[in-house]
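*Asks:* As a plain string of letters, each chain reads:
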Amino acid sequence: MPVKVMIPSPLRPYAGKRDSAEFSARTVGEALGHLTTEFAELRKHLFTEDGKLRSFVNVYVNDEDIRYLAKENTPTKDGDTISIIPSIAGGVYLASPSRSPVGQR
Amino acid sequence: MADAATLWISGSLAEKIRAHGAETYPHECCGALLGRDSSAVLESDRGDGTLIPAREILQLFPLVNRRDDSPRNRFSVTAEDVLAAEKAAREQGLEVVGWYHSHPDHPARPSEYDRDHAWPWYSYIIVSVQNGTPQDMTSWRLNDDRAEFSPEGIEIRHRAAVSATGFSTTEK
Ligand SMILES: [Zn+2]
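Sequence order for the protein chains is A and B. Heads up: the first sequence begins at 0 in numbering that gives the first Met the number 0, then just goes up one per residue. Heads up: the second sequence begins at 0 in numbering that gives the first Met the number 0, then just goes up one per residue.
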C-alpha cells in the first residue's frame, strides 16, 4: 500500500484534475519528487527555483506539519497520507519608510 | 487556463468585502471566497436556460489577519484558517475559489509580494481603501508561469435563486 498525496484545488489543473495521487516513497521529499515528476507543471508552484519548498506551501503527514518533524526528510510508510495545504499571504508594496503613506517607523 | 475569466458576485457580497476593508482600515482585511467553479455550475444549471457563469462567489468567510507585526501592508492566512474555510465551504456544497484582501491607501492592483505568494487557479479580489473609504475592487488570477497576474472581470449579479436552489444539485 503506497503513500497517498492529497492535491489542493488550486493545483489540480496541473495534475490532470486529480485530487490525489499514490506513490511508493520512504520520505516526504521522495513522494513530492514523484508527484512533480509525474506532473511537471506542479513543480514551480510548490518549489522555488533553487528547489526549496515555497514558504506558503504547507505539507502535513497524517495531520502533522513536517516543519515540526524532519521537514522533507520526514519518513513515510505505506498507508500514510501526505496533504499539501495552502497558506495565503499578500499585501501592498514593500513599505519604504520615507514614502510610506501610513508613516510608521 | 484562466484566460478572459469572469467572476460573478452579488452586489451585497461585493458590498460586504468593501465594508470589511473599511472596518479594518488602516489594517488589511482578508477572507475566503466560497462559491462554485464552472464545472459544478455547468451540471447544476444545465437546461434551465440561464447563463452559465465561469465562477461564482456565493458566500464569504471573513478571516482575522494573522500579521500582527505589519497588518497595514501584509495579510496572512494560516493553513489552519484555510482548512476552516474549506470545511465551511464543503458544509454548504461549495468550495474555496479564491481570497480577498484590502490595500489600505494603495491602488487595487496586486503587488510583487502578492504575486510571490500567490497560488494559481484561485481568484484574488483586491479592494482599495483610501482614507478609510473603499474604492476600486478588482480580481486577478495568477498566470501558469507565475510571471504575472491576469485581470479577471467582476460581474455584479443578482442571482439569489441560484444560491438557494443550487445546493441540492451540487455533487458531494
Ligand atoms: Zn495585496
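Do not take every clue at face value.
Straight line, CA to CA, 25 Å or less: simulated DSS-like cross-link-like pairs of lysine-lysine [to be verified]:
1. Lys3(A) <-> Lys76(A)
2. Lys3(A) <-> Lys51(A)
3. Lys86(B) <-> Lys3(A)
4. Lys86(B) <-> Lys16(A)
5. Lys3(A) <-> Lys70(A)
6. Lys43(A) <-> Lys16(A)
Source of the hints: derived by calculation from the structure; they are not laboratory data.
*Asks:* Identify every previously stated hint that the structure contradicts and give their numbers, smallest first.
*Replies:* none
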